[in-house]
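Chain by chain, the residues:
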Amino acid sequence: MTAPPLALLAELTHRCPLRCPYCSNPTALTRPGEELDTATWSRLFVEAAELGCLQIHLSGGEPTARRDILDLVRAASEAGLYTNLITSGVLLNGTRLDALAAAGLDHVQLSVQDAEPASADRIGGYRGGHAKKLDFARLVTAAGLPLTLNAVVHRQNLDRLPAMIDLALALGAGRLEVAHVQYYGWALANRDALMPTRTQLDAATAAVEAARIAHRGRLVIDYVVPDYYATRPKSCMGGWGQRFLAVSPAGRILPCHAAESLPGFDFPDARTTTLRAAWEASEAFNRFRGTGWMPAPCQGCARAEQDWGGCRCQAFALTGDAAATDPACALSPHHALLAEALDASDRAGEGFTYREPARLPPALPVPPLG
Amino acid sequence: MSPETVPKLARGMKLREDKARAQWVVLGPERMFVPDEIALEIIRLLDGSRSLAAIADELASRYAAPREEILADITSLLDDLAAKGVVTA
Ligand code: SF4
Ligand code: SF4
Numbered sequence: 001m002t003a004p005p006l007a008l009l010a011e012l013t014h015r016c017p018l019r020c021p022y023c024s025n026p027t028a029l030t031r032p033g034e035e036l037d038t039a040t041w042s043r044l045f046v047e048a049a050e051l052g053c054l055q056i057h058l059s060g061g062e063p064t065a066r067r068d069i070l071d072l073v074r075a076a077s078e079a080g081l082y083t084n085l086i087t088s089g090v091l092l093n094g095t096r097l098d099a100l101a102a103a104g105l106d107h108v109q110l111s112v113q114d115a116e117p118a119s120a121d122r123i124g125g126y127r128g129g130h131a132k133k134l135d136f137a138r139l140v141t142a143a144g145l146p147l148t149l150n151a152v153v154h155r156q157n158l159d160r161l162p163a164m165i166d167l168a169l170a171l172g173a174g175r176l177e178v179a180h181v182q183y184y185g186w187a188l189a190n191r192d193a194l195m196p197t198r199t200q201l202d203a204a205t206a207a208v209e210a211a212r213i214a215h216r217g218r219l220v221i222d223y224v225v226p227d228y229y230a231t232r233p234k235s236c237m238g239g240w241g242q243r244f245l246a247v248s249p250a251g252r253i254l255p256c257h258a259a260e261s262l263p264g265f266d267f268p269d270a271r272t273t274t275l276r277a278a279w280e281a282s283e284a285f286n287r288f289r290g291t292g293w294m295p296a297p298c299q300g301c302a303r304a305e306q307d308w309g310g311c312r313c314q315a316f317a318l319t320g321d322a323a324a325t326d327p328a329c330a331l332s333p334h335h336a337l338l339a340e341a342l343d344a345s346d347r348a349g350e351g352f353t354y355r356e357p358a359r360l361p362p363a364l365p366v367p368p369l370g
Numbered sequence: 001m002s003p004e005t006v007p008k009l010a011r012g013m014k015l016r017e018d019k020a021r022a023q024w025v026v027l028g029p030e031r032m033f034v035p036d037e038i039a040l041e042i043i044r045l046l047d048g049s050r051s052l053a054a055i056a057d058e059l060a061s062r063y064a065a066p067r068e069e070i071l072a073d074i075t076s077l078l079d080d081l082a083a084k085g086v087v088t089a
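Residue numbers (the numbering used here), protein chains in the order written: chain F, 1 to 370; chain G, 1 to 89.
Just so you know, the hints here were simulated from the structure itself, not pulled from any lab data.
Taking lysine to aspartate or glutamate and the DMTMM-like style, the derived pairs with C-alpha atoms no more than 25 Å apart in a straight line are: (1) F:Lys132 x F:Glu177; (2) G:Lys84 x F:Glu177; (3) G:Lys84 x F:Asp166; (4) G:Lys14 x F:Asp222; (5) G:Lys8 x F:Glu78; (6) G:Lys14 x F:Glu50; (7) G:Lys84 x F:Glu209; (8) F:Lys234 x F:Glu340; (9) G:Lys8 x G:Glu30; (10) G:Lys14 x G:Glu58; (11) G:Lys14 x F:Glu78; (12) G:Lys14 x F:Asp71; (13) G:Lys19 x G:Asp47; (14) G:Lys84 x F:Asp222; (15) G:Lys19 x F:Glu47; (16) G:Lys14 x F:Glu177; (17) G:Lys84 x G:Glu30; (18) G:Lys8 x F:Asp98; (19) G:Lys19 x F:Glu50; (20) G:Lys84 x G:Glu17; (21) F:Lys234 x F:Asp343; (22) G:Lys14 x G:Glu4; (23) F:Lys132 x F:Asp121; (24) G:Lys19 x F:Glu78; (25) G:Lys14 x G:Asp79; (26) G:Lys8 x G:Asp18; (27) G:Lys14 x F:Asp98; (28) G:Lys8 x G:Glu68; (29) F:Lys234 x F:Glu177; (30) F:Lys234 x G:Glu30; (31) F:Lys132 x F:Asp98; (32) G:Lys8 x G:Glu41; (33) F:Lys132 x F:Asp159; (34) G:Lys19 x F:Glu280; (35) G:Lys14 x F:Glu47; (36) G:Lys14 x G:Asp36.
The following label-pair restraints were derived from C-beta to C-beta distances: (37) F:Ala304 x G:Asp47: 45 to 51 Å; (38) F:Thr141 x G:Arg62: 35 to 41 Å; (39) G:Arg50 x F:Ala214: 32 to 38 Å; (40) G:Arg50 x F:Asp135: 35 to 41 Å.
This structure is a prediction, so every number in the text was calculated from the model and none was measured. Don't be surprised by glycine CBs; every beta carbon is placed ideally from N, CA and C.
Could you put together the complete structure from these sequences and hints?
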């Protein structure tokens, strides 16, 4: 029997007022009209809890762009799930936040783009966003909700990591997640402008280690060294289909939020399939479970059940084959691709391709005035 | 922690039944703690008004066991949970 999942990532919408160039949403964004409705999401939350999920992450896009966010938080909480809101924080005021807390929200995870306002607003592609985020963080702690600050780091903000740590402390966050950009989708298109240098990386790692000691008991810092400077891959999602499942705005049930871009898969549709059927019986979830599917050099490797061969989406993004060993592993025949990417980014500029819908909906005819 | 301390679950930590795995868990952001039977019993007594001394009284009468021994045991257990960020004073 397949062990049950621990957490569900519900990507409620791809709508977002920000335009981060490393956004983890697919480059083909789902239109609002294709999103699952309130009743379907609510059913999925109950199914997730019955399947064994303990936590739910309400994410997006920007989850509070959904007009029914209050109903969705209530549904998740009533299903018995520990409910975490992953938000950019720019759309919520104090009244709405208090309503979310009353509806059973357990935790808020707020993204920041930098510690320096002008740079943060440039990276997020949203003027005034940083100031709004700071106001929002204060509302979160005033509402008595626990706060995690999520800082996505890259070449253009990594030098200010110490300031981001100070910011987390000043805002009363109990936890800081320092996440290096993962290069697929939008981020792959911006890789040359985002890739940190070795010097930056070493300074950041040292800053995290010092801060962990200095703020023990006050601030937990989660930090993982990025793949492009590693010699062994990370265990992506704790293994494909082992701990975690995600549902996309349009209702695809996925082993990880980035998997939708993998070709040759028929991911189950949440409108017609239960989470349990998808988890236990679908070909998509079973394909990379365990170690039987692994190619050399993973096959028989002592780390096969520790890192599960790394990230399938990164393997596909870099080699064109989702079943290949993650090139982040030094034993992969494609490992040199990472060094080549580092080389290319050394010579690159700082311009971004911002996250935008590929095709904007047709413009509505503007009625004449008067 | 001292006998007068009133411990409670830390902010964001929730005790939940995990039916799928037939256990109880304390959930927090991106983390999970599975208490053993004794820890679970103590966590259930953390109501934000009981002091360590009161919890020891309760358990001593429940199990007809020596109170001072129980107080020492729960103090070290709660100190440990506090270091893990599960409870606060
Ligand atoms: S990464 Fe940026 S653009 Fe993407 S959903 Fe989050 S805040 Fe919006
Ligand atoms: S060969 Fe495969 S299993 Fe072994 S360390 Fe590399 S990625 Fe992990």
